[in-house]
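One-letter residues, chain by chain:
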Amino acid sequence: MCGIVGLQLKNPALYPQLGALLTPMLLAMSERGPDSAGLALYEDGLGEGSSRYSLRAPAPGFDWERLASRIESALDVRAGLRCVADDAIVTVDADPDLILQWLSKEAPEVRVFAVGRAMEIYKDVGAPSEICRRYGITSRAGYQGLGHTRMATESAVTTDHSHPFASAADLCLVHNGTFSNYATIRRLLMDEGLHFDTDNDSEVAARFIARQMANGSDLREALERLLTELDGFFTLLVASRDQFAVVRDAFACKPAVIAECDDYVAMASEYRALAELPGIDEATVFEPMPEDIHVWSR
Amino acid sequence: MVTLSCADQSTRQINAALAQLPEGARVTIAEPKGRHNLAVGLENKIQVEIDGNAGYFIGGLCDGPQITVNGFVGWSVGENLMSGTVRVKGNASECAGASSHGGTIIIEGDASSRAGISLKGGTVLVAGDVGHMSGFMAQAGIILIGADAGEALGDSLYEAVIYVGGRIRSLGADAQVEELTGDDVAVVRRLAGLAGFAHINPENVTRVGSARRLYHFDSLKDHQY
Chain V
5 MCGIVGLQLK NPALYPQLGA LLTPMLLAMS ERGPDSAGLA LYEDGLGEGS SRYSLRAPAP
65 GFDWERLASR IESALDVRAG LRCVADDAIV TVDADPDLIL QWLSKEAPEV RVFAVGRAME
125 IYKDVGAPSE ICRRYGITSR AGYQGLGHTR MATESAVTTD HSHPFASAAD LCLVHNGTFS
185 NYATIRRLLM DEGLHFDTDN DSEVAARFIA RQMANGSDLR EALERLLTEL DGFFTLLVAS
245 RDQFAVVRDA FACKPAVIAE CDDYVAMASE YRALAELPGI DEATVFEPMP EDIHVWSR
Chain A
650 MVTLSCADQS TRQINAALAQ LPEGARVTIA EPKGRHNLAV GLENKIQVEI DGNAGYFIGG
710 LCDGPQITVN GFVGWSVGEN LMSGTVRVKG NASECAGASS HGGTIIIEGD ASSRAGISLK
770 GGTVLVAGDV GHMSGFMAQA GIILIGADAG EALGDSLYEA VIYVGGRIRS LGADAQVEEL
830 TGDDVAVVRR LAGLAGFAHI NPENVTRVGS ARRLYHFDSL KDHQY
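Those protein sequence lines, which keep their order, are chains V and A.
If you read the first sequence in this note's numbering, its first letter stands for residue 5, the second for the next number, and so on.
If you read the second sequence in this note's numbering, its first letter stands for residue 650, the second for the next number, and so on.
Same shape as in the complex, but just chain V (with noise of 0.2 Å):
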């Protein structure tokens, strides 16, 4: 069992509340999934050319102010940098795969949880509330936002088998489920070169959208795809820069519920997770179908 939630926000002046909106939708599943939490958060501010990286020092009390230095010096780039609790959200305005590659070999010890314009994870082993509170999640305002609280079944409860499982800029994904074939479709993709962090089934689901994606597809082509080659159980909540997307497999052996109206649309595994947003009364309340792909857009 895990528990899934997420919120795309239609409403610009809800953008303020992101991070209070979607705490209390991610507690309620903290039953569903008390051994490790996680959140994407987008956000708008940062222009064409820039991103951000999230990222986890290997221990307490890492020098981020160093590592920002450092990647200044050495790549002629102002880094900006902000720290949240051991975290560091660093932004840099230049080519992503210059900084990711330095990071890799100057900072192999830094781990990076997500790159992109817009979006940030926050993850760990834990119960939901702490990762909220260590990370100050209600505080945080924001377009749209992810949440995953874990049971683990198929992979180690660690902090880098924590979902959310970012697999490109922008783009990550949260699993209700099982993947069956994951060892398959893992291996074809290693074939193509793609690198792995884990052994994770989820983390297949989000590099094989990621590959589809790099290939040409949009995000609703990479899911069809995604139902043709992918087996097994599964609710996925997937989001990019501008889209937010469902789907469950065809037997829709995992549960979710989408409440849509004119401020929102949210996700959820179940609905008391959100029976406290504001206007849900008012909301169209209903179950995705199997194999019915949503995808919403900005």
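No lab work stands behind these hints: they were computed from the structure.
Glycine included, every Cβ here is placed at the ideal spot set by N, Cα and C.
All clues given are correct.
Cut-off 25 Å, straight-line C-alpha distance, at most; resulting in silico cross-link-like pairs (BS3-like, lysine-lysine): (1) K14/V <-> K682/A; (2) K258/V <-> K682/A; (3) K769/A <-> K738/A; (4) K738/A <-> K694/A.
With beta-carbon atoms standing in for the labels, derived distance ranges: (5) A89/V <-> L843/A: 54 to 60 Å; (6) D246/V <-> Q669/A: 52 to 58 Å; (7) A668/A <-> E280/V: 27 to 33 Å; (8) Q662/A <-> K109/V: 54 to 60 Å.
Once you've looked at the hints, dock chain A against the given chain V.
Chain A in isolation, oriented as in the chain V frame:
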């Protein structure tokens, strides 16, 4: 009239309070907000009104009460019901009435997939549509569907009977359409009347039963499948 509220009481407190009520008592459960496991395991003949949308397993394991939900419910409403009634004014999610032994589950909206799965003698009445694999391995009892049924209706059906007022997307393995008898029409008329489903014409439903090819242990002997 007693009122209990999910806003200030835990599910266990509410269920314990319900179990203490005398026969014939009427009680309202306020602010359910998707709460699971409300009004489960009750053996007293009380009337429970859940005033809003509720979660999983509503009215499960009950043996006697009349439960009404003024909203929609999550998975497995009335699971393993023994007797009494669970009426849902809105839609129901998956597995409505799963494994119920007796009593009646009434869904005034649609039910999702696997409605009446493994039914063991209960009655599941759905005004609208049901999703895929409804009636899966249902052993005894009746499922009445006012509108359309999804894929694989009645898959691996035993002795339960399914009546469908609308279209059937597809039948499951070993399910077959059977001739509607006068007795069937009388049963459907009584059940539709009980549920208040005026849109169902008892003489114009499709009866689905088991072809009985799957559940005999010697079926492999003659290489029937």
